[in-house]
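Engineer: Take the given structure of chain R and dock chain B to it, following the hints.
Protein sequences, first through last, are from chains R and B. According to this note's numbering, numbering within the first sequence proceeds without interruption in unit steps and concludes at 374. According to this note's numbering, numbering within the second sequence proceeds without interruption in unit steps and concludes at 502.
By construction, these hints were calculated from the structure, which means they are not laboratory data. Do not take every clue at face value.
What the hints assert, rightly or not - Here are the simulated distance ranges between beta carbons:
no.: 1; chain 1: R; residue 1: Glu287; chain 2: B; residue 2: Ala197; range: 35 to 41 angstroms
no.: 2; chain 1: B; residue 1: Gly156; chain 2: R; residue 2: Asp163; range: 44 to 50 angstroms
no.: 3; chain 1: B; residue 1: Glu353; chain 2: R; residue 2: Asp95; range: 32 to 38 angstroms
no.: 4; chain 1: B; residue 1: Gly75; chain 2: R; residue 2: Val259; range: 36 to 42 angstroms
What the hints assert, rightly or not - A few chain B residues that don't get close to chain R, going by computed Cβ distances all over 12 angstroms:
no.: 5; residue: Asp68
no.: 6; residue: Met92
no.: 7; residue: Leu104
no.: 8; residue: Ala113
no.: 9; residue: Ile180
no.: 10; residue: Leu228
no.: 11; residue: Arg241
no.: 12; residue: Ile281
no.: 13; residue: Lys300
no.: 14; residue: Gln302
no.: 15; residue: Glu435
no.: 16; residue: Tyr440
Ideal Cβ positions, reconstructed from N, Cα and C, are used throughout, including at glycine.
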Amino acid sequence: MSTPDDTRAARTGAAGRRAGGLRVAVLKGGRSLERHVSLRSGARVEDALERLGHEVIAVDVGPDLVARLSSCSPDIAFVALHGRDGEDGTVQELLEVMGIPYTGSGVSACIRAADKVLAKHAMRDHGIPTPDFYAFNETALNTLGAAQALPAIEDRLSYPIVVKPARQGSALGVKFARCADDVPAALVAAFSYDRKILLERYVRGRELAVSILEDGGVARALPIVEAVPEQEDFYDFEARYEIGRTHFVCPAELDEAIAARAGELALETYALLGCAGFARVDLILAAESDELYVLELNPIPGLTETSLLPQAAEAAGISFDELVGRVLDAAGYSSEAKSSGVT
Amino acid sequence: MSLGGAESGAHPPGQGPPSPADQRPGGHRRSTTRDIERYAGLFAQRTKVMRSSAMRDLMALTERDDIISLAGGLPDTSTFPPESYAALMGTVASESCARALQYGPTEGIARVKTCIAQVMAAEGMAIDPDEVLVTTGGQQVIDLVCKTLLDPGDVVVCEAPTYPGAIPTFCSYQADIVGIAMDRDGMRVGELEATLDELQRSGRRPKFIYTVPNFHNPAGVTMSLARRRELVRIAGERELLVLEDNPYGLLRYEGEPLPTLYSLDDEFVIYASTFSKILSPGVRLGWTIAPAPIMAKMQIGKQGSDLCSSSISQYFVSAYFDAGPWEDYVRSLLEIYRRRRDVMLDALAEHFPREADWTHPQGGLFIWATMPSYIDTTDLLARALREQVAFVPGRAAFVDGRGGSDMRLNFSGVDEDAIREGIRRIGEVVREQVAMYGTLTGGPPTTTERAAPDAGARETERTPRPGAAADTAAAAPITAAEDDLAKVVPIPAQRKRAG
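For reference, chain R alone in the conformation it holds in the complex (with noise of 0.2 angstroms):
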């Protein structure tokens, strides 16, 4: 019996000797809050997985994958899940396990990057600015007393501050809290979505994306985008990813420094976190200072047609067939970094 890695191996290789050729399965869908959102981008990608000559398998996930997966026999499984399941290592253990090759980030790199309070941990841990913040679970809520360090937390991080269900990939559950009275229903509120929470100094600035994409292995920052919102209600944040509700620039129009120190941010933190294939690393340009904050990293980036990683990419002159490419050949190269879990 061959061992998980040698059946990697064995698929990647043969993959590799079809040239152009693989049968792909497409992983979307699921249950999480951005099924949706998921949907659109794995229709894209199918789409441009055709143009390029492969085999398309859409697997819409949910509790028959691994049966799917085992008739199928994919090649390679591109994953384009977005949040709970799919962006948070749960899907890529089971890849593991059944030894099918897989697009983007490991499972260590997953379980870290989507849980904004490990992800900041470890940016903090190697002195990667990060806002400040302070996390706590339900537990802590229930059985430690966590509500009578509210007042010390809220004092240290001052207001406004954000409040962040820990694993959700979109802006639900973010709500800003502009005093005291309304930190218990922000709470309650990022409760909904996660058993962990983050409270989190609002610094308020240039809302910037840095898209990652590996290219012959070597991962490359693309160029900037800029998110500018067209009014200044800067508290709605589920009303400023609408068509229309905020605009985006790209390249971003910054001073040469800063792009590239924003750049450089997002590098490092691709590499702390032990991430592949691509990746989205959003950053906040505080108005004040002129400090450059990173927010956290999206394993598995949107690739809908309004999505920032594909505008970014077009900016640098690669098309979303071109994209969606180098996103499956760099599994071939990342599967080993993935199985002995780099961190």
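Structural biologist: The following block gives chain B in isolation, referenced to the frame of chain R:
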């Protein structure tokens, strides 16, 4: 440089113009980022009014198979006998094949208009079938009224909350939507008058007032007779039109029917109804009656929209009315929906915490429930989806961000066991959040003092929980609580059914 700016019109590098290679097997081509930006430059202003994508994505999840969805607004069509359907279609085929397959008159075929006259007679309105305009669902009436009356920026007054399906229509005509709060007697006409006065002072006169007087969607309340009289008086005095949307009038489970606004005044009332709830939403047939000059414009509007409503559907409906008493099927629906409503009300009383309130609809398809103000029902829906249950967050029924702590619950679309289980699950997550808020604010787990300043006022309206003695005083007129209730649909009088 904006993606939609200097580069619009240019093809993305390496992509060139859309080529056959871009064609999907299904025939339609997926757009690229730049396509979106390029086409966005062509979009009309009115398309820019969009609902939150987060809400849309959440609502898409409510359709999953493993979810008990109390979010829908669907009548139950499963009890319509397939053999009746087959027989009716057979009749259409044998008796009216060529005509059913043909265009029909814009105003609708004559036979359907006599069917409509029968339905309206059942609601106490005697009409001349010639006055009727047959439409493609009641929804088309809303659209035609807007098309006829609204210029961009014109004011439409409606209830707050209002029928969520009307909002995109109002928005697509760039209406300025002004919501009037409701209480257990429906739209608060006092507030309506004050609002109209205020608008008048700023030189603005609404084009029409949109209302669902019977078993309101989503609020579940019915406008009282006194309010109805007031509303038509106001409309008459100020020469404003009222669009009376009455899809649920015949779905009354208790109490005496009230006269429609149209039967109180046919000078300023545009009446709209539908076959959707008494026969089938799938036939997509509704109708309207309006003052003649408006009717003439709406007919022209309908020609532009779809020439005529489906002839097949119209012949189906007329065959259905010919085949036997149409009221029988409505009666069978009434039995089913009444039981489901009662099951939901009982389940709410059993499973929802003390801090929650809900309406007690005498008919229709919906109950409106109000959580304590610190619970955001959009977030709660995300939590509820983990327990495989769904509802509509209240914000979807407002245009101004209100309704954040409300939810709409539908009792017509799922069976009694699913209603019980669904309410039990929602109740559990609400209790969980109430307890958490209590922990966070340091109060006893169920207190609502800090976030709900109106909790005390509400208390005066609260009917005792199961187990406590019945309190008829709860049905007393609304008093000091009125102001607090302006935010949302207030607490109904009857928390638990008598007996």
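Engineer: Against chain R, does Glu435/B keep a CB gap of more than 12 angstroms to every residue?
Structural biologist: violated (9 angstroms)
Engineer: Mind verifying the non-interface call on Ile281/B? Its CB should be farther than 12 angstroms from each CB in chain R.
Structural biologist: holds (34 angstroms)
Engineer: Would you assess whether Ala113/B, listed as outside the interface, keeps its beta-carbon beyond 12 angstroms of every beta-carbon in chain R?
Structural biologist: holds (45 angstroms)
Engineer: If I claimed the Cβ atoms of Gly75/B and Val259/R lie 36 to 42 angstroms apart, would that claim hold in this structure?
Structural biologist: Between Gly75/B and Val259/R, where Cβ atoms are some 38 angstroms apart, the hint holds.
Engineer: Determine whether the non-interface label on Asp68/B survives the test: each CB of chain R must be over 12 angstroms from its CB.
Structural biologist: violated (9 angstroms)
Engineer: Against chain R, does Arg241/B keep a CB gap of more than 12 angstroms to every residue?
Structural biologist: holds (34 angstroms)
Engineer: How does the Cβ-Cβ distance of Glu287/R and Ala197/B compare with 35 to 41 angstroms: does it lie in that range?
Structural biologist: Since Glu287/R and Ala197/B have Cβ atoms about 59 angstroms apart, the given range 35 to 41 angstroms is violated.
Engineer: Should the label of Leu228/B as a non-interface residue stand, given a Cβ cut-off of 12 angstroms to chain R?
Structural biologist: Fine: 40 angstroms to the nearest Cβ keeps Leu228/B off the interface.
Engineer: Test the statement that Gln302/B is away from the interface with chain R: the closest C-beta pair must be farther apart than 12 angstroms.
Structural biologist: holds (35 angstroms)
Engineer: With 44 to 50 angstroms as the target window, see if Gly156/B and Asp163/R comply at their CB atoms.
Structural biologist: holds (46 angstroms)
Engineer: Would the least Cβ to Cβ distance between Ile180/B and chain R come out above 12 angstroms?
Structural biologist: holds (17 angstroms)
Engineer: Quick check on a hinted range of 32 to 38 angstroms for Glu353/B and Asp95/R, using CB atoms only.
Structural biologist: For Asp95/R against Glu353/B, whose Cβ atoms are near 36 angstroms apart, the range 32 to 38 angstroms holds.
The structure fails hints 1, 5, 15 and 16 (numbered hints given earlier, in ascending order).
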